[in-house]
Each structure stands twice: as structure tokens, then as C-alpha cells.
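Keeping the supplied structure of chain A fixed, place chains B and C upon it in accordance with the hints.
Protein chains in written order, with my numbering: chain A, 1 to 552; chain B, 1 to 328; chain C, 1 to 299.
Hint data in this document are derived by calculation from the structure and do not stem from the laboratory. Since the model is a prediction, treat every value here as computed from it, not as a measurement. The beta carbon of each residue, even a glycine, is placed where N, CA and C say it ideally should be. Check before you lean on any hint, since a few could be wrong.
[As the list claims (entries may be wrong)] Cβ-Cβ distance ranges computed for the label pairs, FRET-style:
1) B:Leu158 - A:Asp522: 30 to 38 Å
2) B:Leu64 - C:Val140: 20 to 28 Å
3) C:Ala36 - A:Gly355: 25 to 33 Å
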Amino acid sequence: MLPRAVVIAWVVAAGGCAPRSQAEPGVLLVEEKEQTASFIRNFNPLLEVGDVRWPATHAMYEPLFIYNALSGDYVPWLATGSAWSDDHRRLRVDLRPGVRWSDGARFTARDVVFTFELLSRFDALDLRGVWAFVSGVTAVDDHTVEIAFSRVFLPGYYYLAQQPIVPEHVWKDVADPVTWANPHPVATGPFTEITAFETQAYQVDRNPYYWQLPERPQVRAIRFLAFPSNDQAAFALVSGEVDWAGSFVPAIDRIFAARDREHHHYWFPPVDGGVLLYANTTRAPYDDVRVRKALSMAIDRALVVKVGMYDYTRPADATGLNDAHARFRDDAAVAAGDWVQHDVTRANALLDEAGLLRGPGGVRRLRDGSRWQVAINVPTGFSDWVRATQVIARGLREVGIDARMKAHDFNAWYEQVQEGEFALALGWAEPYPTPYGYYRAMMSTATVKPVGVAAPENWHRFGLARADELLGALEQTADPATEHRLTAELQRLFVASAPAIPLFPGPLWGAYNSTRFTGFPDADDPYAPLSPNLSPQALLVLTRLVPREPPP
Amino acid sequence: MRYLIRRLAFYLVAAWASVTLAFVIPRLMPGDPEATMFARFHGKLDPEAMAALRRTFGFSDAPLAQQYVCYLGHVVRGDLGVSVSYFPARVGDVIATGMVWTLFLAGLAVALSYALGTLLGIAAAWRRGGWLDAVGPPLFVLLGAFPFFWLAMLLLFLFGFTLGWSPVRHAYDSGVTPALSAQFLWSVATHAVLPAATIVVATVGGWMLDMRNTMMTVLGEDYVTLAHAKGLSPRRVMFRYAARNALLPSITSFGMALGFVLSGSLLTEIVFSYPGQGYLLIQAVRSLDYPLIQGLFLTITLAVLGANFLVDILYVWLDPRARTRSAS
Amino acid sequence: MTALMHNRRALIGLGVLAGFALLAMFGPLFAADPSAQLALPLSPPSWQHPFGTTGQGQDVLAQTLAGARTSLVIGFTVGLAQVAIGALVGTTAGYLGGWVDDVGTLVINIFLIMPGLPLMVIIAAYLPTGSITIALVLIVTGWAWSARVIRAQTLSLRDKDFVLAATVSGEHGLRIVACELIPNMASLLASAFIGATIYAIGAEVALEFLGLGDVSHVTWGTNLYWASNDSALLTGAWWTFVPTGACVALVGFALAMLNSAIDELGNPRLRAERGYLAELRRHGVRPGVSTPVLRREVS
Chain A
1 MLPRAVVIAW VVAAGGCAPR SQAEPGVLLV EEKEQTASFI RNFNPLLEVG
51 DVRWPATHAM YEPLFIYNAL SGDYVPWLAT GSAWSDDHRR LRVDLRPGVR
101 WSDGARFTAR DVVFTFELLS RFDALDLRGV WAFVSGVTAV DDHTVEIAFS
151 RVFLPGYYYL AQQPIVPEHV WKDVADPVTW ANPHPVATGP FTEITAFETQ
201 AYQVDRNPYY WQLPERPQVR AIRFLAFPSN DQAAFALVSG EVDWAGSFVP
251 AIDRIFAARD REHHHYWFPP VDGGVLLYAN TTRAPYDDVR VRKALSMAID
301 RALVVKVGMY DYTRPADATG LNDAHARFRD DAAVAAGDWV QHDVTRANAL
351 LDEAGLLRGP GGVRRLRDGS RWQVAINVPT GFSDWVRATQ VIARGLREVG
401 IDARMKAHDF NAWYEQVQEG EFALALGWAE PYPTPYGYYR AMMSTATVKP
451 VGVAAPENWH RFGLARADEL LGALEQTADP ATEHRLTAEL QRLFVASAPA
501 IPLFPGPLWG AYNSTRFTGF PDADDPYAPL SPNLSPQALL VLTRLVPREP
551 PP
Chain B
1 MRYLIRRLAF YLVAAWASVT LAFVIPRLMP GDPEATMFAR FHGKLDPEAM
51 AALRRTFGFS DAPLAQQYVC YLGHVVRGDL GVSVSYFPAR VGDVIATGMV
101 WTLFLAGLAV ALSYALGTLL GIAAAWRRGG WLDAVGPPLF VLLGAFPFFW
151 LAMLLLFLFG FTLGWSPVRH AYDSGVTPAL SAQFLWSVAT HAVLPAATIV
201 VATVGGWMLD MRNTMMTVLG EDYVTLAHAK GLSPRRVMFR YAARNALLPS
251 ITSFGMALGF VLSGSLLTEI VFSYPGQGYL LIQAVRSLDY PLIQGLFLTI
301 TLAVLGANFL VDILYVWLDP RARTRSAS
Chain C
1 MTALMHNRRA LIGLGVLAGF ALLAMFGPLF AADPSAQLAL PLSPPSWQHP
51 FGTTGQGQDV LAQTLAGART SLVIGFTVGL AQVAIGALVG TTAGYLGGWV
101 DDVGTLVINI FLIMPGLPLM VIIAAYLPTG SITIALVLIV TGWAWSARVI
151 RAQTLSLRDK DFVLAATVSG EHGLRIVACE LIPNMASLLA SAFIGATIYA
201 IGAEVALEFL GLGDVSHVTW GTNLYWASND SALLTGAWWT FVPTGACVAL
251 VGFALAMLNS AIDELGNPRL RAERGYLAEL RRHGVRPGVS TPVLRREVS
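Just chain A, same shape as in the assembly (with noise of 0.2 Å):
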């Protein structure tokens, strides 16, 4: 295998004679993942779904409290404290005292009432859908705010916990929130100044007025360039032009990490939502059990980790739980879920059980005696996906299924799953915060829309009564003894009746090169989650760098 040496030699030239990170000390540039070729001053926090860029939601706006997915922990950012009333529906937030506006005015209760008004006067801005739970939010006093529930709803916490928070004596004279885009910010987090914008590279430097000043964040500026490819930025991030990044990077081991093992690291923990096989369950076959967990069978999940994802993730467990939901874990349903082991030989004896037997040329027959012929439906644009795909159809017709992977046009795709006009199809879940609103999508009746119209989840159609009662009793929990039992038993619910077939959770990507700063997080020091991407988890990240060479 010479030529292998002969491509490593070619990449190491690459980097060898190339870039020079380009930034003065202190400046930390950051990769994340949004790619473009020229960036738009838009740095408007309650727009994430627009085009938003990175700071105004990561080092700009900051929420209440930051959830992190790798510990479970609510951090207190710009609240110290929460205590709910006893009959769970009136939430009492303590906030910060002393915290600042970056234009040195002082941050109130009236801001976060302010805030919270504002979603509920323009709905666009309401992305997590606050006031579908929230009936009031008042001033206790300037320190002090109280949020009111309509309903007893305890997963609501998080999406009041992290909503950024914006001031009130900017934003009043806005005219229209849902379009502005606010190209002078005044926020509270630690990078405020936007010193450089270009349409290829923007600066911004420290709040003067920040908080956790003087000692956080010893970082001067952060600074972005416009990667309009994954190539280009996976380039940069080789050649030590960028010092955080977020991206996917193929091989990253062998192009990276393996090119300074001292500076370059990689940390991509499986905590984002899972990628499942979806089996639409109103139709024959595919509403009986035992099929589901016979296709399941037929999957040879290290290859599909392997060749779909280059081995970053892994195989899924039947309860399709990622590893941010680790400690609820069931170990019971775990091992109950046998159903995820790549076993050939029971997935044909529970397919003949189920009446499909091999006709002539090895496929088997559906029940009223037709070919069992079925299409894997694909996003086209989703390469990793369309691997993974190629793997699993490959796996199918080993056990007798006439299976061919057909890829989609995204909004075909996306058109047939929500409308439920699909056999097969790949799919992914929503990362929630805790495993409520995981199996709420996977198999709770409220979620379950007729065929033909459009479901945004539960695209497979499976409802359980059971599971209503279970859910709905883990929205009116606050023990976590409680929570834990619920959620077990919604594992083993999972398990028993496999409503979708989970492949593998989804990798967060995150890589930094130690050369200019230190303090990132990784493996051995979790303290959060090391991708650039996640809003506002990037915050715990940005506090806690520190450069080597002091900022002169």
C-alpha cells in the first residue's frame, strides 16, 4: 500500500508549505458550521432559523440558564437561581445582579418581561413555541421575574431557560423584529464590539461591560472567514488557519490529528438526534411488530456507521437513545433490544413467522402474493446518508426484500415523510433535552397525523395509549426518581413494540488546534460539549479559553 503513504505525503505538503494563521494574538478564529461565501451583517438573536451570524446567539445574547446536554446541568448564566411554585405553575427566576448592557445600562427583570413580550406579539420569533405553555411573564422587581404557566408542563423549562434574552431599551423602537437586522448590536454576553465586517471575514471584539470581567474571557476578539465549502473550511482547519472548528472533516484522524498530535484534536461525542429507518406502520407489512425488528436485523449497523459515517458514531441501541440521554438509560430495555444485533438468520425465521415467505428467485412474497418490492427513500443532498442507505438496502435483500434505495429531491423527501406517503424511509429525531420529547415523537397518539397530511413528527404513524399515560405523567413531574422510572418504561415500551428502527445517534462535530489557545473542552474534560455549533453551550466555551501568549 505505497500510494496510502504517497496520499499522506501529498497532504502533509499541502499543509507544510501553506498558511500561517493570519490572526493578531488573542484572536480566536472560529470555524462554525455555517457555510458561505459572504456574510451578511445580520446579528438578530431571535432569528436563528435566518441567516444569522454565529455570535449573535453564541457570544453575543444570552439566555437565562445554559442547558448542558453532556451533563445534564442547567448552568445559571444570566439568572442565579429558579424555584417553581408548588403546584408547578408559576416559575420564580432570580436574576444576576451587577450584569450590564455592552453600552454600560443596566440589565433588569424588564428586559426579560421585555423579551418574552416580544415572542408573543410576533410569533415568528417564538421558534420553541414559549406561549403555547406560558400565559404571563411579570417583574417581581428589578432582580425578580415570574413566569406564569397555562398548563402544568415541566419540559417548558428549557425553552424559557434558553431563550436569549434582548434589551429592552434597544429593541422597543424596533419596528419590525422578524426582518431587522440589527447590525449594531448591544447585548450582554462577552464578544459585543463588531470591530471588522467584511462579506469574507468580521471581528468582534470583548464587551467592555462584560460580567465575568476581569477574569472571563481572557480570549480579546473571536474572529470568522467565509467558508462557502466543507472542503475549504475542513482545509483550514488542516493547515492551522482556524483555531475552533465545527465542521464535518472526512478522515479527520488521518488529515488532522495525525498531523500534530500534541495540537490537533477531535472530540465528536454521539449526543445529537439519532438517524432512524422510518417504516410507515399504515401499511402491510409494515405494521406488524415483528417485521420492524426483522428489517432491524437484516442491518449490519458497524457497516453503516463505518461506511456512512466514517466510524464517528455509533451503532444505535434499541432504545435509540443518544449518549446526552445516557443516564436514563435503561439497562433492562437495552438488553431486551436484541433486535439491533445484525442477525440474518432470525431475521428470515421471523420473517417466514410472519407469514412473507421466499417465493421463486429468493424474494419473498407479500400476503396477497406480490414481490416484496420496497423503496428506501433518501434526501439526495444527504451523502451520508445515502451511503448508509446503500448498506442497509444491500443488508434487506440478503433476507429476501426486493429493497433499492430511491434518493429524493430534499423537499420530496420531505413532502413524503411528513405526509406519511412512503414504505422506508431515513429519517431523523429532533434532539431534545430529555427523552420526553424523543418517544413523545416516536410513539405518543398526539403526535399521530392521518396519511396525506403533514406530521412534523412521527412520521411513521405509531401511537400507543399507553405511552400518552406516561408521557403525560413526565410532564408534571419534577422528581428525578420519578422521571427515571417514567422514562424506563417508556424505554421498554420502545423496545417491545420497535414503532421506528434507530441506526445510529448523530455526532456533535467539534475539532480545535491547541497551538494558539487552550482550555477547550474534550473526552477528559467535559465540561461541555466542544462544538462550535450548539447556541448557547458555545458560551461555557468561549469563558473558559485561555491564550497562549498574552494579548499585548
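Showing chains B and C alone in chain A's frame:
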């Protein structure tokens, strides 16, 4: 003058046709572009928030004719709507970020390629049967047969990634502030070398062949024979008599070539991460940003129409026959 | 046709094309399954995989061969369709003249002046992805080139004696176009067809590279799309994009050679030039600056 007015009328009709095409195509096609556009906000938006956004984008159920009139009004005012992928930026603002760079790159490449190709063509015609005439055309035809973007990938891989001789992205160094300084201009020049070279390499052969063949025809004209007979130096005959007249037909194809090169330049920009319209186009396609796709189509088409009109003016200025012909 | 066989450029062009046609027809029978994952992703060329493997562990050789099949079929189909439409519009406009010609010319010119790629993208973006979409888009955006030359040729033939004679003898217009005009444009049609095919193959590759094709199909364009998608440049996997690009260029080159040979046969002056030069050289004379206007048969 009549000639120019006729041309202007043609360009206006062509402009109207492209504006209408941009309106008709999305409405003729199957599928629901509106639903698609919002699909990218998957899971992040509640249905109510989605409905509110939709209103922001101005989707309406008005009759087609009314939509069309409204659309024409917007286009005339230069209002191309709101971009989906750059939400809430307006399409016009998004396009403005890259227009200069695309025009610069495509213009530079066309000019270079035209000048170089024409000179090579003259040289080949000058020494017919010489080595340039023998090797040049097939070599450039071969080079021209490579896809633009593939040549770009190869050059970028060799000179950018592997050898590190050339910048791998952007129109200038990120450390340089745009100003009329030597440092900035130098940075712009070094960043333009590879992308422009790609386009020149791929298109120079066409100009060379064109020029060579026209030269052949012109060299057979009586006035060239007469010039020879008068005993003028061959160099003088070649440049003052033959080449000058051979240039005219190639100027008319200059306008057409601009459209072609612009297309190629878009692809080249994508590979070199050049901050022009090319990457905007691919991003618009991948994120199904229909307003941006339409806006790009319109601005690029109108730019090409404008450039062609300029070429027509140039042509009239250069060729007195065009003036007299229209007068008759 | 015999003249074509004696032309060196034509022979080169035809030879390369024939080679590709054979490879496209029979190659995939012998090569591996182009979409199967066979080996480690991005393995460099080896005896087992002479062109290496892609980022998905597929055999690049097999993909190149399978790609040849689809890309050539699309290319030639589109070329044929473009010329057919071009001939229809061009002869109609040229032969009928009057307002039909005015409208026809206007439409042709509008399509000619619109920049191709953005127009293709705006159409392709709204249609379901697939080879048929790509072909349709290429036909819609490319037919005007052939229409223009065919119209011009029709105009010049229309006043020729044999056409006038046919008109006077009361032949039906359709028949004149089909039996008198078209056969007299054979070399022009051939040249337009080749030009359209070159354009179609190049544009198909470009559109699919942009991701506007069906990326689960194996074509030359999607091969390049995947190469770029699987970070070929970054990982140094040159073998994933070089073979396909070289094939596209070779086919384009062969077609261009054939075209220039046809041009030469159709253009007496260029042909005379060649013969004249050959004769001069035979007599040891360096070519001068003038071109023979009269053509003398040099045997």
C-alpha cells in the same frame, strides 16, 4: 443610430422575456416551492411561527395576472424579494455582495482570453503551417474540452492545496482591508490568477481558431493582395489591413461569449470559493432559495444584455458600414 | 463520407468516439457493480482497483465506464433533439420568411443571448431531479444555436435555382423543405449535431456537478459531484476526479476534431488552403501570406 435603437428594442424585449420567464417557470413546474422553501426550517419552527414567516415572504393566493403585475412592479423597482437562505436579508443586498467580483473575474478573463487568443490566431495565420498553427489548435481544443470546473479543481489541487503557491479561497487575504493600497491590489491580483487562468485556458482556443479562420478569409480579399502588390511590409499588411478587418466579426461574438464565460466563471468561482455570484447560485440551489435563484438569474441575464448592448455600440463605432446600413 | 475517411482529424475523432462507444456498451459488463461498496473508501489505485475507489468505496473504473454509458446517451440524444428542433424552427423561419421569420429570429436571438447556466439552473431547480430533467433542460436552453445556423443556411438556399425550380413546379412547401433544403444541408446539420452534443455533454456534467441531477445515478457529472462531496481535494484523492474529467475532455476533443474535419469539407476555402499548403511544401516552398482564392484540385 437607427441600428442602435433597433438593437435596444431587441434587448428590451429580451429583458422582458427573461423577467417573464423567471415568473412563469416556478409557476409552471410541479411541486410546491413554497413548502420546500420552508422545509429548511424543519423542526425549528412551530406551525404558527411558520405561518407568520410565510406572511413575511409575501406569499399570496391572488390571481396570476394580479401576481404578475405586482411582480413586474417589484422588478422594475429593483425589489427582488427576501432571500430564504440569507433571511431576512433582501435578495438585492445578497446579490450586491458578489456582483463586483463576478464582473471583475469574468471581465478580466474574457479580456485576457480574447486578447491572447486573437494574437495567437494572428500569429498562426501569419505563419501558416508553422508549429503554432500545427500544435496550437488541437491543443487548445483539447484544453477547451475539459469542463471549466474540473480544470479549476485540478489547478486548485496542484497549486493551492499541494504546492501552496496560490491562495485557496476568497478574492483577497482576510487580513487585508479593502482600500486603494498596493497591498490590497496585490492581494486581489494574486487571488485572481488561478481562477482567471482556468477560464483563459479553457476559452483561448476558441478565439484563436476564430481569428485564424477569419484571417484566412480576409487574407484572400483583393485589398490585401493590393496591399502586397503596393510593396507594403508584410507586418504592416498583416496588422493594419488583415487583422483589423478580421477583428470585426469576432467582436460580435464577444457579446455572446460573455454569457458563456459568465456561466463558466460561476462554476470556477464555486471551486475557488471566489465570493461572486457562482457560490450564491449553488447555495441558492442547494437550499432551494427560490427568490435568490430568480434574482441571480435576472441580474446575470440583464448584465449580459447590457454588455451585449455595449458591444453593439462599440461595433457601430468601429465599423462605418453598420452606420450606413442602418441609414439606408 | 469517403473524403471524411481520408481526413486525419476525422479519423482521430471517429477512432476515439468508437472506442468510447465500445467501452460504454461493453465495459460495464466486465467491470464491477459501480454503486456497490467494494473496498475501503478512498483507496488509491491498485491492481484490484486500477483507478482506486471513491469516498464510498466504489470502484472508480466501474463508475467511469457506467458513467460513460449514461453521459454519452444523454449527450447524443440531446444533440439530436436540439438539431431536430433547430431544423424545424430554422427552416420554417428561413423558408417562410415574413413575420414568421421575424418572430422566429426574435425567439432564437433571445434564447441565444440568455446566459446558459443560470437559465438551466432556474429550470432544473424546479423540476424533479433525474436524467430526463437534465436532458429536457439542455434541449430547452440549447436548441437556438442550431436554429440560427440552419435558418441562415435556409435563407441562402432558398433563392438557389433548384429551390426556385421546385417552387415554380408547384411542389408543396413541406416537401421542398424536406426533400430539397434539408439534404443540401447535410454537412451543416452534422456539424450542428456535433456542436450540440459537445455542449450537451459539457453542460450535463456541469449541472450534475452542481447537484442538480439525480445523485444516486452513476454518470460522469455525478461522479464529479461525489468526488467533490467526498473531499477529493482535501484528502488528496485525485483518482476520484481525474479519470472522469479526462474522459469528458477526450470525448469533447474527438467530437471537435470530427467537427473541424467536417467544417473543412464544407468550406472550400479551408480545404483549398490545406491542399495548397501541401503542394507548396512538396515543392519546398515556405507558405507566404496570401491564400489562393481559386481552388485548384491537387491530386
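For each hint, the structure was consulted:
1. Between Leu158 of chain B and Asp522 of chain A, the C-beta spacing of about 36 Å keeps the proposed range 30 to 38 Å intact.
2. Roughly 22 Å separates the CB atoms of Leu64 of chain B and Val140 of chain C, a value that falls within the hinted 20 to 28 Å.
3. For Ala36 of chain C paired with Gly355 of chain A, a C-beta distance near 31 Å keeps the hint of 25 to 33 Å intact.
Checked against the numbered hints given earlier, the structure satisfies every one of them.
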